[in-house]
Every structure is written in C-alpha cells, then in structure tokens.
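Build the full structure now, drawing on both the sequences and the hints.
For the record, the sequence lines run as chains A and B. So the first sequence is numbered by this note's numbering: it starts at 691 and just counts up by one. So the second sequence is numbered by this note's numbering: it starts at 16 and just counts up by one.
Hints are all accurate, no fakes.
Beyond 12 Å from chain A on every Cβ pair, some chain B residues (computed): (1) Ile102; (2) Lys104; (3) Ser106; (4) Lys109; (5) Leu116; (6) Val149; (7) Lys151; (8) Asp228; (9) Lys229; (10) Asp232; (11) Leu233.
Think about it this way: if two alpha-carbon atoms lie no more than 27 Å apart in a straight line, the pair counts; the simulated DSS-like pairs of lysine-lysine are: (12) A/Lys831 to A/Lys771; (13) B/Lys104 to B/Lys229; (14) B/Lys65 to A/Lys742; (15) B/Lys92 to A/Lys835; (16) A/Lys766 to B/Lys92; (17) A/Lys783 to B/Lys92; (18) B/Lys109 to B/Lys151; (19) A/Lys694 to B/Lys65; (20) A/Lys835 to A/Lys783; (21) A/Lys771 to A/Lys783; (22) B/Lys151 to A/Lys973; (23) B/Lys92 to A/Lys831; (24) A/Lys776 to A/Lys831; (25) B/Lys92 to B/Lys109; (26) A/Lys779 to B/Lys101; (27) A/Lys776 to B/Lys101; (28) A/Lys783 to B/Lys101; (29) B/Lys156 to B/Lys229; (30) A/Lys779 to B/Lys92; (31) B/Lys150 to B/Lys104; (32) B/Lys155 to A/Lys973; (33) B/Lys229 to A/Lys973; (34) A/Lys769 to A/Lys719; (35) A/Lys776 to B/Lys92.
Simulated from the structure, these hints should not be mistaken for lab results. Glycine included, each C-beta is placed from N, C-alpha and C at the ideal position.
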Amino acid sequence: MNTKDILEFFYIFIGIIMIFASIESFRDKSNSARIGTGLFWLILGIIFATGKYLPNFVIGLLIVVIGILALFKQIKVGKVKGPDEKIEKQSAKRLGAWLFLPSLVLAVLSILISQFTKLGGLIGIGVASVGSLIIAIIMTKINFKTTYHDSERMVRSMGTAGILPQLLATLGAVFTAAGVGQVTAKMIAGIFPAGNHLLGVILYCVAMAVFTMIMGNAFAAFAVITAAIGIPFVVAQGGSPAVVAALGMVSGYCGTLVTPMAANFNSLPVALLEMDDNLGVIKQQAPIAIIMLIVQIVLMYFLAF
Amino acid sequence: MEYLKLIGIVIIILGFAFHLDTIAVVVAAIVATGLVSGMSFMQLLTLIGKSFMDNRMVSIFFLTLPMIGVVQSHGLKEAAVSIVNKIKKLSPGKIFNLYLLIREVTCALGISLQGQVQFIAPLINPMAQAAASVKKPLTKKQTDLIKARAAANDNFGNFFSQNIFIAASGTLLMSSTMESLGHSATPINIVLYSIPSAVIVYIIVYFYNRQFDKQFDL
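In structure tokens form, the structure reads like this:
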C-alpha cells in the first residue's frame, strides 16, 4: 500500500462520519431546513467517500448544488443537542486532567509521524486521530452508539464553516487556472515595483490585514491576497512559501482583531459581557494588533529570504 | 478584457463585507471567475471538481472531530474549568497572563474551546473583577475595561497560537492553497514558522497585562 492509498482510506473515513451527520440532520425534525442540511452533508460524504471514482465534472456540479442550497438558506446547523451534563460532571470527576491526554497524543503523535517517518504530515494526522480516538474510547468506556453520536454532533455543529476552508482553497486553484495573479501583479506593478523584497513583504502583510478587516475573515483574504500579491511580490522574488503563508495569515489575524466585521470575536463578547462600548474589545486589541503586524513584516523580511 | 478576471475578488470582498452567505459567495466567485476566463460550463465544472478533490487535505481535520466529541461529552470543559479555578489571589493582569498561557497551549494541542462563552464570561471576567476590587469598588469604566481586556486576551491566545496545531484548518488551508498556487509548503513547516508569533505575542501581552494592573488600587 502506498501513501496515496492510506490517505484515500482516511478520506473514506471522513466521508462516513459526514454521512452520519447527514442521517441525523435528515432526522432532526426541529430544523426547518433539515432536507437541505441533510443533503449538504450527504453530498460531502459522497464526495469524500467515493470522489476518487466519480468524474470531476460530477463533483463540480455537486459543489454548485451546495452553493445553491446555501444561497436559498437551506443549510442550517439547527439545534444540535449538547452533551449530557450529568455524564460530563461524573466523568470529569473520575478522569480529571487525563481528559487532555487524547488531545496531547493527537498533537504529539502527528508531529512525530510527519517528522520521523516517510508517511508525511497528513497520514500523521490520520493515524494520530484514530489512535487518540481509541484512547478516548478506552478511557471513557463508551460504546459505538455514544461514539457515533459524539461524532455526528461535532460534524453537524461545524455547519458550513467546516467546509469553507476547502472551498477557499478551491477558489485559490481556480484563480491560478484563470491567471488572476498575473493580472493583479501587472496592475499593482504599475504603482509598486516588484523585485524589492521589503516593499513586497510590506505590501503583502498590510494587504492581508486590510482585506481581512474589510471581509472579516482571514481565511478568505488569504486565498485572494496570496494569489494576487503574496505569490507575485514575495514568493516569486525568492520568498519561502511556508514562511510567507504562516506570517501572511497571522498578518490577516491582526486585521481580524481590529474590525467590527469579525463579529464572532469582537462583538459577541460585548453582548456576552454586557459592555457599554461597542468597540471596547477592539480598543484593547488595537495596540497589540499593530505591533504584531510590524513583527510579521520584520519576521517575514528576515526569514523568507 | 483581462481585468474581468478580477470579478471573483470583487464578489468575495463585497459578499463577505455585506455578510451574505459565505458558501454561496465563494461558489459564486468560483463560477464567475471561471466563466469570464472563457471556459465552457463543462470545463468549469471539471476544474471545480478537480480543484475540490485536490484540496481535500484541507478537511483532514474532520478526522479529529470524533475524538474531540468524545472528550467534550465526557467533561473536557469541566476539567479545564477546574484548572482555571485554581487561579486564586492574583492581580487581574496575572490572571490574564495565566489564562493566555493556558489558551495558547491548549490551542497548540488543537483543543479549540469556545473561550469567550465557556471561560471569559463565566470565569475570567468575574475573577479579574473580584481581584481588582479587593480594596476599592470598581467604577463603571474600570469594570468595562476589565471585561474588554479579558475578552481581548482570549482572542490573542486563540489567533496567535492556533496555527501551531498541525491539523488546524488554517494550517491545512495554507498548505493546500500554496500547493494550488504552485508552491509547496508542508504543514509541518507552516507550524514551525507559526511558533515565533505565538511566543512574541505572549511576551508583549505579558507586559501589556502587567501595565493594566497599575490603574487599580491593589
């Protein structure tokens, strides 16, 4: 078995837990959009479990169907039943800090496998996930039914946010195929000359922060701005892709910290903590966000080249 | 018209800025970019399908969900709360610093807690307020400042350390997007270069929080 086959096995596994989520979404009578939500997870489950055997245009069509379901507001998380508080309390009493063990195993094992074997980071994550799940099951002494519900509950409560990163990466691929980067590079090169390392780094990091502020989402900004600015102005000038990506994304997070558009992070606490000042959280974050953006620029300039 | 190719960028920016459904916006941007680049509908569907399949690795974090679901339904939050509860008799700044450390370490392990809902509102904010008002009652303005700083610390910890986890969706998104753009960046290398930011932000915020203590009569 080569690494591709092992990875395919893990994708089938993901497909199966998505189908679990689909079954439970269809059954969730309290959800006004249960058919659409069930279809959403079913489509994804099919793509992950059997996509290798489907023609690409069928998968493309299914993605467009998901887009249409979303457009008509037919995908809703609904009221996913939370865990049983009594079991939570009892088991926390019994296991205490041991409950962190599976997460620790997951993080450490996946890094070890990717560093010290030829299997790579992805299979590392897969093996470590299964390993840590087994440890969690043994520790909590649960049966298949509980595992099933814990899995479908987690997947369902992700909602569409769970698939957004992959869709954004797909957008990046379509941008590349369409040659979006070349167009923006030509446009911006009229103002900023490509080739100057420091200018390129500043342009990319600041653009990541500003566009994240406008969009409220650093992942979306990353797909767009990295294709448009990061690649032509930094990576194509000899910048290391890993450094550019890691520090570019954090530059985006600096933007997240100062924008009311990121409501989950900056407005939710205002409501939750009953604060008077709508921008109170942002004001506390702004100095750190500005300093960290400068730190990203300096780090990228020195580490990427 | 070459510039028409930028329509996808315009759709994304406007769609997100106006809070339209994110999935619908991204799919619309994908379809629009393909169509204005002169692809036939069939070619476009094939490109979307192939690109989506090529980027399946971004969603590999779904594999971690069953385990996280199991430990969550068996008291992970309770266990974390009891650790946080041990923080006693500290100044607000010290409480924040300890919480930030816990938040960064758990984030790096892939434990994504809903910090604001599960920790800041019920625990950290009341603890910090109690610590600040030992000698003198707090003014309304001071109370609001403590709330805001508590919430800010959760965001600092969450944002600047999440990419240290190799199976974080952000880490995988970066790796896969760079691959799509024709430049390889492995998740492990992205993790490596995400560490400096997590350390630097901790050091800076540490002093920022200690400075915060000075306005209270402790």
